[in-house]
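Enquirer: Using the sequences provided together with the hints, build the complete structure.
This is what each chain is made of:
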Amino acid sequence: MRARFLAFAALTAVVAAASAARAQGWAELPDWSGDWVVVQGEADPAPPYRAEWAEKARVNAEALKKNRTADPFATCGLPAGAPRMLSLPGVHEWIVRPGEVWHAVEDGNTVQRIYTDGRKHPEGDDLFATYTGDNVGRWEGQVLVIDTVGLRGDTWLDGAGRPHSDRTQVTTRVRRVGAELEADVEIDDPVAFTGPWKIVRRYRRLPAGSFVHDFACRVIRTAADAKAAE
Amino acid sequence: MRITAPFVAAMLALSLGSAAAAAPLRSADGLPDWTGVWQNKGPPTDTDLFDGGTAEPRGCAALSQPCRSHPPYRPDWEARYQKNLGLARANVLPDPLTRCMPRGTPGNMRSPDTIEFVPRPERTWIFIENGSQARRIYTDGRSHRTGQDAFDNWTGDSIGHWEGDTLVVETVGVKGEMMIDRSGAILSSKARVSERIRRRDANTMEDVFTIEDPVALTGPWTVTRLYRKVRGPIYDYACAENPRNKIDASGRTLTLDTQGRVIDAR
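Quick note, the sequences are listed as chains A and L, same order.
Taking numbering that gives the first Met the number 0, the leading residue of the first sequence gets 0, the next gets one more, and so forth.
Taking numbering that gives the first Met the number 0, the leading residue of the second sequence gets 0, the next gets one more, and so forth.
Calculated directly from the structure, the hints in this document are not laboratory data.
The C-beta atom is built at its ideal place from N, Cα and C for all residues, glycine as well.
One or more of the hints may lead you astray.
To be verified - Away from chain A, derived, C-beta distances all over 12 Å, residues of chain L:
id : residue
1  : Arg198
2  : Thr223
3  : Asp235
4  : Ala237
5  : Ser249
Stated by the list, open to error - Per label pair, the in silico range of CB-to-CB distance:
id : chain 1 : residue 1 : chain 2 : residue 2 : range
6  : A       : Asp165    : L       : Arg260    : 28 to 34 Å
7  : A       : Phe127    : L       : Leu253    : 24 to 30 Å
8  : L       : Val91     : A       : Asp187    : 48 to 54 Å
9  : A       : Asp106    : L       : Asp148    : 17 to 23 Å
Expert: Shown next as structure tokens:
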């Protein structure tokens with residue numbers, strides 16, 4: 000009896016796993032439409048940096064105090080990348096369709112493509128480092144679980160200059176909590192961290208009828224350069 | 000044909016006028032399948048982007064890309080276009096894209112690299128890899144922006160509605176004087192761009208533009224763009240990574256090989 004129950008439990012688990020991997024239809028997907036902006040919450044805990052990476056973070060923070068353009072994203076043309084894009088100012092959109100979710104941010108025309116069609120991360124030479132990485136997602140009910148790998152090591156984790164290595168892996172769980180969207184983010188980096196760094200980003204919806212504006216970073220920079228040259 | 004209640008409601012709404020405002024939000028299941036990654040069908044390299052003699056895309060017929068007609072410019076705008084054509088022929092017409100600037104609507108639909116069409120009931124997004132650039136077409140029944148929201152920008156103010164599986168888009172509020180292709184065609188900020196976007200067959204997306212511009216053009220200018228389905232994925236775009244090409248004393252942008260050596264004829 001016990002053996003038969005265990006076999007049944009195992010079968011149930013297999014069926015559950017198979018249905019989780021199946022691409023969802025429109026009716027099963029949550030409504031995350033609209034325009035979202037980051038809710039400023041309490042400060043993030045300090046990342047669990049190894050000593051030499053804590054020093055890199057300190058150097059970046061010092062450079063930022065002297066000149067905002069120490070930030071690679073501030074010079075235009077280089078994307079903020081993941082996971083920093085979760086924290087960007089401006090409007091965020093979570094475009095949910097069966098098989099794929101797009102996380103689009105007004106700032107920098109940043110777009111992260113999250114494949115929920117059951118594919119796996121590419122392997123070998125096909126997995127090369129990019130700014131937003133390779134994002135495979137799955138739906139656990141109304142929760143989107145994103146696994147991000149294939150990130151470059153030269154972007155920052157946030158606007159404070161916190162660095163990371165090219166071995167970073169990010170697990171992001173996005174869900175609706177009341178009127179807000181919440182992203183629980185776990186950042187693992189075996190090179191830079193001694194353990195996982197967990198942060199939370201929350202988003203509130205702008206009133207219906209809001210617009211997302213286009214973004215031309217070079218225009219802002221050109222104006223800033225002209226002012227600096229005066 | 001089965002007459003359904005929503006159909007009757009839609010016909011009733013149409014007969015009452017103000018179709019765009021009254022059109023019900025399309026159901027998600029009723030959206031056409033535009034999934035995948037697409038690429039402008041056209042001459043493959045920058046140097047072949049147009050025929051210096053006619054200003055029409057070179058080899059467009061051979062690539063089953065319809066040749067676009069010459070813009071029906073008013074005389075003063077034709078003179079400006081001819082000046083740009085001269086610069087383009089001499090390879091000294093700077094394309095905003097090469098300076099990490101957006102090209103804007105409708106020129107962004109003629110960008111290099113790949114493009115995605117992402118429909119949802121309330122909006123359709125067009126993501127353009129080069130730039131990167133993003134267009135948002137609102138299909139939730141709203142009107143064009145008014146008051147202080149109605150300022151000109153690169154992508155403009157795009158409102159759409161569905162006619163069957165065709166997305167009909169009206170764009171106003173684009174910045175004037177923007178190059179819309181490598182030949183140096185320009186429009187004024189009064190341009191009104193209509194598009195009919197549909198999937199023509201399994202491997203082809205079609206965008207038929209009708210451009211009206213009371214300042215620059217004498218009448219409507221119709222241009223068809225086709226996009227072929229290509230293997231994805233679509234990637235990030237980091238414009239500032241591109242090598243800064245040298246510019247010679249005459250203002251010509253020089254072409255570099257993979258080692259950074261100048262390969263243009265002297």
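Enquirer: State for each hint whether it applies.
Expert: Against the structure, the hints:
1. Arg198: About 16 Å separates arginine 198 of chain L from the closest Cβ of chain A, which puts it past 12 Å; holds.
2. Thr223: holds (25 Å)
3. Asp235: Per Cβ check, aspartate 235 of chain L is inside 12 Å of chain A; nearest 4 Å; violated.
4. Ala237: Answer for alanine 237 of chain L: violated, closest chain A Cβ roughly 5 Å.
5. Ser249: Since the minimum Cβ distance to chain A is about 24 Å, serine 249 of chain L lies beyond 12 Å and the statement holds.
6. A:Asp165 to L:Arg260: 28 to 34 Å: Check passed, 30 Å falls within 28 to 34 Å.
7. A:Phe127 to L:Leu253: 24 to 30 Å: Holds, since phenylalanine 127 of chain A and leucine 253 of chain L (Cβ atoms, about 29 Å apart) stay within the stated range.
8. L:Val91 to A:Asp187: 48 to 54 Å: holds (51 Å)
9. A:Asp106 to L:Asp148: 17 to 23 Å: Hint holds: Cβ distance 19 Å, inside 17 to 23 Å.
Against the hints set out earlier in the document, violations occur for numbers 3 and 4.
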